[in-house]
Amino acid sequence: MRILLIEDDTVLGAAVRDQIAADGQTVDWVTRLDLAREAMAGTGYDLVLLDLMLPDGRGIAFLRAVRARGETVPVIILTALDQISDRIEGLNAGADDYLVKPFDLAELSARIGAVARRYSGNPNPLIHIEDLEIDLAQKRVSRGGKAVSLTAREWALFEAFLSRPGQVFSRAQLEDKLYAFDAEVESNAIEVHISRLRKKLGARVIATERGLGYRLVAR
Amino acid sequence: MRRLTSLQARLGLTLGVALTALWLAAGSLTALILRGEMNQVFDAALKETSDRILPLAVIDIISRAEAEEPGVQRLATAREGDEFFTYILRDETGALLMQSHNAEPSAFPAWQGPGFSEDATYRFYSDFALKGTVRITVAEPLAHRAEVAREIQMGLLAPLLLVLPLALAAVAVGVRLSLGAVRRFRAALSARGPRDFSPLPEAGLPAEIAPLASALNGVLARLEAAFAAERSFAANAAHELRTPLAGAIAQAQRLRAETADPAAAARAGEIEAVLKRLTRFAERLMQLARAEGGRIRRAEAADLRPVLRLVAEDVARAGGEGRVSLDLPSAPVRGDIDPDALAILTRNLLENALRHGAEGRPVGLTLTPAGALSVTNDGAPVPPEVLARLTTRFERGAAEAEGSGLGLAIVAAIAEGAGGALTLRSPIPGAAGGFCAEVRLPVQPG
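In order, the protein sequence lines correspond to chains A and B. Residue numbers for the first sequence follow UniProt numbering, so the first one is 1 and each next one is one higher. Residue numbers for the second sequence follow UniProt numbering, so the first one is 1 and each next one is one higher.
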């Protein structure tokens, strides 16, 4: 999953970024709304973490503009505004969830997972594909009852497929999900990760669509 | 004497006393002037009588002297009866020559020369003729004059007795009517709620009171601004405190996750715990500032249920997983309590119940259609003396329990501001134990 974090507090932002990265997600962190607009114009994000009080404007206005453009990206508000009326306003503006500062990083991870699952159309964190049992909440995969160990990158890639079962992802799209702007992408990185995933999870799980990209087999 | 504090009574009394005094003074003065005039008229009549009688008497005496008829003569009068005037005629020795038939010669003073004189009972006029050999004195009883004077005074006083009460009543009614606007103003002021800072209507107030009203409205506006500033300060303080605390807590959590050293992880955990306690305490202080400073009621009513649902969901997610059971009516319950204030109140009650209630037992949040919001939990009954102290600031139910001790004080402040009341009961009526906090919120019927 590629996540956009919009947070102007550097101490909190750094901790949130590290937490998301440790979960195996890719995160782009911006501190201003204009930078957030630029980032969203260039990249398709799977989720946005939005602070409400930013140096160059209110997060609510930004969220309304995003929804007014018809973008369906999940948005979780992270805010110091603790009043229930602020929360209702945020939810009415189109937020999917709302976290009042200070929050537990573990709770943030759980909510990101929950919102992402809701968007993929299956809120159940347990998914069965062929002989695989996948627990999205715990980020665990077992094959035929035996635990499979995935690296953070492999998990992130696999999760991208799980979020849109059957959808074909191009190599560029997968690179987008795996790497933040500043990370260097090796030319054959995606192919390498896919081949490792097939080795661990079974060759049939990820199909190659020639000339188009890759997709998860129907579950 | 009790001082008159009512403007209406003061005005009525002053006007009434002044009116009465002026009227009495005017009447007395009129009576005095009339009396002087009357005396002149009476004196003129007295002298006229003497002037009329004297020549006739002289002729009579002379003719009698010629006829040599001795004795006192009485001048014939038209008819017998009461006379206003009596007279006597005497010679220069004082011997009686003639008298009116009712005259009492002993009542007449000795000759003192012509002119007016007076004793205790009579007013006299004396004159003489024939070189002082015939002297007349006419007497008029003073009682007669006094009676006339009394009649005049009565004539002036009688209408006064009738008109004065009417005038006083008119004064009272007039004062009351004039002060009606002031009374309505006062009623409007005393009828408003403790957090109502809307301006008072100034229209229709007398010019003397209107500046007071507008000054009061100015004070109300400044108060409202001060409360709004306090509110926005609380909101800003929340932001200024929450964000750095969130950063510090998150960093501590990352440290704990990233370090391989168990001792360092434990320290990070301790830092995190302290920061969280600090967060809760700051939060309670800001809630208290909001509860006591802000506006707890809104202009329009809204359904209270969504707020309760959000709070219950939140509290359940933050540690009370599966322990909060929500019981809401199926129809909207509309109240004018500020949703933020209601959320603070409910959250405090729920967190209290989760913290102090029996481990693992459910906590109930119930709202009735009549606006009774109650939070209940299981547990040993709270002793009555502890129950009574619970809403005092910084008071904890049990010394070892974690908490700021501000929760119930905040709840009580919000309940009061909303026009409700907080009732604490333990054990729950009809049960052996447990704790029930109930707030009756004003709700709109229907």
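By construction, these hints were calculated from the structure, which means they are not laboratory data. Virtual Cβ for every residue (Gly too), placed ideally from N, Cα, C. It cannot be assumed that every hint is accurate.
Below, a sample of chain A positions facing chain B; criterion: calculated Cβ distance under 8 Å [to be verified]:
id, residue
1, Gln-19
2, Met-53
3, Leu-81
4, Arg-87
5, Pro-102
Computed cross-link-like contacts, SDA-like style, restricted to lysine to any residue with a CA-CA straight-line distance of at most 20 Å [claimed, not checked]:
id, chain 1, residue 1, chain 2, residue 2
6, B, Lys-276, A, Asp-104
7, B, Lys-276, A, Gly-42
8, B, Lys-47, B, Val-134
Hinted pair B:Lys-276 and A:Gly-42, Cα distance within 20 Å: Distance ~38 Å between B:Lys-276 and A:Gly-42 Cα, so the pair is violated.
Restraint satisfaction for A:Leu-81 [CB to CB of chain B, less than 8 Å]: holds, 7 Å
Pairwise hint evaluation, A:Asp-104 against B:Lys-276, where the allowed Cα distance is 20 Å at most: Given that 20 Å is the threshold and the Cα spacing comes to 10 Å, the pair holds.
Per-residue hint verdict: A:Pro-102, partner chain B, C-beta under 8 Å: Nearest chain B Cβ about 4 Å off; hint holds.
Restraint outcome when A:Met-53 is required to lie within 8 Å of chain B by C-beta distance: Since the shortest Cβ distance to chain B is 6 Å, the answer is holds.
Satisfaction of hint between B:Val-134 and B:Lys-47, Cα-Cα up to 20 Å: Answer holds: B:Lys-47 to B:Val-134 is near 16 Å, not above 20 Å.
Cut-off 8 Å, beta-carbon criterion: hint that A:Arg-87 touches chain B: holds, 7 Å
Given hint A:Gln-19 near chain B, where the shortest CB pair must fall under 8 Å: Holds, because the Cβ-Cβ distance from A:Gln-19 to chain B comes to roughly 6 Å (cut-off 8 Å).
Checked against the numbered hints given earlier, this structure breaks only hint 7.
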